[in-house]
Amino acid sequence: MGSMHFFFMVNAGRGIQGSVFPGCPETYQSPSESESESRGQGQSRRDQHQKVRQIRAGDVIALHAGVAQWIYNNGRSPLVLVQIIDTSNPANQLDQNHREFFLAGNPQREVQSQRGESGRTRIRGQSTGTGQQERSRNIFSGIDEQMIAEAFNINVDLARKMRGENDNRGIIVSVEHDLEMLAPQRSQEEERQEREEEAQRQLERGREGSYNGLEETFCTARMKHSINNPSQADIYNPRAGRVTNLNNHNFPILRYLQLSIQKAVLYKNAIMTPHWNINAHSIRYITRGSGRIQIVNENGDSVFDGQVREGQMFTVPQNFVVITKASNQGLEWVSFKTNDNARINQLAGRVSAIRSMPEEVVANAFQVSVEDARRLKENRQEVTVLSPGSRSSRYPGLNILED
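To convert, note that position 35 of the sequence shown is 44 in our numbering; the numbers rise steadily by one, no gaps.
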């Protein structure tokens with residue numbers, strides 16, 4: 010658990026994720042066969058726990074500050090997660106350092122390497138800093154074992170194991186046998202029905218207008234949303250690619266996180282129109298392919314001009330103009346933005362700032378003829394994702410899906 014809101018995206022693989030919300034009911038209940046066999050007489054105890062979720066590539070999981078979670082890889086390939094944490098969110102009542110509190114294990118080695126030499130903890134006048142090694146274990150390691158035993162009504166030996174002093178496995182541990190828990194699998198029909206229900210919810214939100222505060226409670230809040238589904242794209246060009254946006258309208262929990270997400274897919278040699286973020290910074294993570302990125306500051310200086318590829322991450326500050334072109338391999342990325350309803354202003358295309366200006370204004374601003382100004386405004390009729398080498402004034406078959 011951490012002291013701030015955060016979310017992560019599943020970049021590859023699949024697994025199971027569980028979150029623990031304080032005061033919420035344990036809605037998953039299953040009989041324990043081992044308990045039933047040991048007791049005989051048909052008496053069985055039920056294992057109870059809060060909801061667990063099947064996660065796979067393209068899923069985004071959002072969590073409130075202070076919520077404990079665990080993740081298990083039940084697939085045959087690595088489970089790769091990309092996590093974004095906003096230390097400036099008002100939910101963080103501590104300092105600007107990212108802090109994680111572990112309920113189990115002994116994550117000392119990993120946490121120390123993350124904190125580096127700047128890590129410092131101070132409690133009641135006692136501090137540990139760069140002058141001595143900092144303890145980074147689970148939270149029970151700081152509680153007396155007798156107190157733990159009394160709180161849980163267990164023996165001291167079990168309490169000692171909870172402290173994890175002899176556990177050297179680190180943050181990620183290997184499970185000897187597959188975890189067995191109640192986690193219902195979704196059929197294709199259930200997934201289709203879920204997509205239809207989500208589409209209906211979005212339609213109803215559009216009719217109702219502003220958020221009324223009653224749509225989701227703390228215990229029933231939806232925390233998972235798939236961003237890989239092409240049918241949910243907000244903008245689609247069959248020759249250029251697609252863009253999918255997650256914001257507070259279609260993923261309400263983002264309202265509390267004050268963050269939004271954009272998934273972009275560019276086909277071979279396609280371009281994402283030059284644009285700037287109106288109300289947010291943007292952190293881009295390249296998930297597939299390669300391409301060229303240019304970023305320009307307020308002075309017209311190119312602060313970045315280079316090739317990017319899978320696994321790289323970079324920041325586009327607010328109002329800095331960015332243009333992206335895919336290579337022959339295509340290019341895909343996810344942008345994490347510091348506003349729950351982030352917006353962009355485009356410079357080229359049918360809904361661009363240039364298109365919205367009078368011809369005379371464009372002509373005088375760029376010192377060109379009115380005819381050239383008209384070309385600047387009308388030669389590109391596509392929206393957001395632009396097909397390579399297009400010179401036509403109109404493109405048949407272009408689909409634009411809007412909320």
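Watch out, some of these pointers could steer you wrong.
Claimed, not checked - Derived CB-CB ranges, DEER-like:
id, residue 1, residue 2, range
1, Asn106, Arg384, 22 to 28 Å
2, Gly309, Gln78, 17 to 23 Å
3, Leu103, His58, 26 to 32 Å
4, Asn373, Arg65, 21 to 27 Å
5, Ser311, Ala100, 35 to 41 Å
6, Ser299, Asp56, 43 to 49 Å
7, Pro247, Pro31, 45 to 51 Å
8, Val184, Lys277, 20 to 26 Å
9, Ala77, Asn162, 17 to 23 Å
10, Ser240, Ala100, 31 to 37 Å
11, Thr324, Leu103, 22 to 28 Å
12, Ala100, Ser336, 37 to 43 Å
13, Cys228, Ser336, 19 to 25 Å
14, Val379, Pro247, 29 to 35 Å
To be verified - With a Cα cut of at most 30 Å, we get these calculated DSBU-like pairs of lysine-lysine:
id, residue 1, residue 2
15, Lys60, Lys233
16, Lys170, Lys277
17, Lys60, Lys170
18, Lys233, Lys170
19, Lys277, Lys334
Hints are computed from structural coordinates only; laboratory data are not their basis.
Heads up, the beta-carbon is just placed ideally off N, CA and C, and yes, glycines get one too.
Verification of the hints:
no. : hint                          : result
1   : Asn106 <-> Arg384: 22 to 28 Å : 52 Å, violated
2   : Gly309 <-> Gln78: 17 to 23 Å  : 45 Å, violated
3   : Leu103 <-> His58: 26 to 32 Å  : 29 Å, holds
4   : Asn373 <-> Arg65: 21 to 27 Å  : 53 Å, violated
5   : Ser311 <-> Ala100: 35 to 41 Å : 36 Å, holds
6   : Ser299 <-> Asp56: 43 to 49 Å  : 47 Å, holds
7   : Pro247 <-> Pro31: 45 to 51 Å  : 48 Å, holds
8   : Val184 <-> Lys277: 20 to 26 Å : 42 Å, violated
9   : Ala77 <-> Asn162: 17 to 23 Å  : 21 Å, holds
10  : Ser240 <-> Ala100: 31 to 37 Å : 33 Å, holds
11  : Thr324 <-> Leu103: 22 to 28 Å : 23 Å, holds
12  : Ala100 <-> Ser336: 37 to 43 Å : 40 Å, holds
13  : Cys228 <-> Ser336: 19 to 25 Å : 46 Å, violated
14  : Val379 <-> Pro247: 29 to 35 Å : 33 Å, holds
15  : Lys60 <-> Lys233              : 12 Å, holds
16  : Lys170 <-> Lys277             : 55 Å, violated
17  : Lys60 <-> Lys170              : 26 Å, holds
18  : Lys233 <-> Lys170             : 33 Å, violated
19  : Lys277 <-> Lys334             : 9 Å, holds
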